[in-house]
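*Asks:* As you go down the protein sequences, you meet chains A and B in turn.
Mapping the first sequence onto our numbering, position 82 (from 1) lands on 82, and the numbers just tick up by one.
Basically our numbering = 1-based index in the second sequence + 1000.
Just to be clear, a hint being listed does not mean it is correct.
Said to hold, decoys possible - Listed next, the in silico EDC-like pairs over lysine to aspartate or glutamate satisfying Cα-Cα at most 20 angstroms (straight line):
(1) A:K103 with B:E1084
(2) B:K1041 with A:E10
(3) A:K111 with A:E10
(4) A:K78 with B:E1084
(5) A:K103 with A:E29
(6) B:K1040 with A:E10
(7) B:K1018 with B:E1053
(8) A:K103 with B:E1053
(9) A:K70 with B:E1052
(10) B:K1041 with A:D26
To be verified - Residues from chain B shown here face chain A by an in silico Cβ test under 7 angstroms; the list is partial:
(11) A1039
(12) P1042
(13) L1043
(14) F1064
(15) E1102
(16) Q1107
FYI, nobody ran anything at the bench for these hints, they're computed from the structure.
None of the values given here were measured: they were computed from a predicted structure.
The beta-carbon is built from N, C-alpha and C at its ideal position, and this holds for glycine as well.
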Amino acid sequence: AQTVTQSQPEMSVQEAETVTLSCTYDTSESDYYLFWYKQPPSRQMILVIRQEAYKQQNATENRFSVNFQKAAKSFSLKISDSQLGDAAMYFCAYRSVSGGYQKVTFGTGTKLQVIP
Amino acid sequence: ETGVTQTPRHLVMGMTNKKSLKCEQHLGHNAMYWYKQSAKKPLELMFVYSLEERVENNSVPSRFSPECPNSSHLFLHLHTLQPEDSALYLCASSPETGGGTEAFFGQGTRLTVV
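Could you put together the complete structure from these sequences and hints?
*Replies:* Structural data, given as structure tokens:
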């Protein structure tokens, strides 16, 4: 079974600075997807960024980028130019390629505080 | 506006009550999910419905009973719950096909069992 580990329960960053959230995972599969979800106080989980394991290039979405290290099974999220609206819980998630529906494994989350 | 709507947003119920959580999506997705989110624990997948058939039940106690009458609606019927069942219950939906598509989540129902 796959596991996802987020070792940082809480992080803080000054507004406009950069912060990196860590995620490691364990799997025996060679092909899979990785996601970062954001859960603001409104509680709705929103997809921030996704990465296909077969792609070597790191995914980027505006101020959000990942550092995907497949051999190390590491998938960190970098938030540049942090904004107050980035304050939320961030969940790292793993999804197997097989299966039509999504069997997704989530980490325990990292609470990000943005300091004005 | 979210593509997945959950009602109610908050629910307080006694251990002898019967209540239902409702989830609705109009995204054209064929798969729907119930997750339980407890503090400091990973999201726990409870049930998966694909094309209105339950395809996964992750050892959830029988006091939780899901129902999927059509591909747009999902219910979670609750009866004789325990205080440890207090949590945020999230509904999600996704396209049936695989690929890198993500699940879309509702805003959850905050359940408190007293």
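*Asks:* Now tell me if each hint is right for this structure.
*Replies:* Against the structure, the hints come out as follows:
no. : hint                 : result
1   : A:K103 with B:E1084  : 25 angstroms, violated
2   : B:K1041 with A:E10   : 14 angstroms, holds
3   : A:K111 with A:E10    : 5 angstroms, holds
4   : A:K78 with B:E1084   : 35 angstroms, violated
5   : A:K103 with A:E29    : 14 angstroms, holds
6   : B:K1040 with A:E10   : 11 angstroms, holds
7   : B:K1018 with B:E1053 : 24 angstroms, violated
8   : A:K103 with B:E1053  : 16 angstroms, holds
9   : A:K70 with B:E1052   : 36 angstroms, violated
10  : B:K1041 with A:D26   : 17 angstroms, holds
11  : A1039                : 10 angstroms, violated
12  : P1042                : 5 angstroms, holds
13  : L1043                : 4 angstroms, holds
14  : F1064                : 19 angstroms, violated
15  : E1102                : 5 angstroms, holds
16  : Q1107                : 4 angstroms, holds
In this structure, the hints that do not hold are numbers 1, 4, 7, 9, 11 and 14, in rising order.
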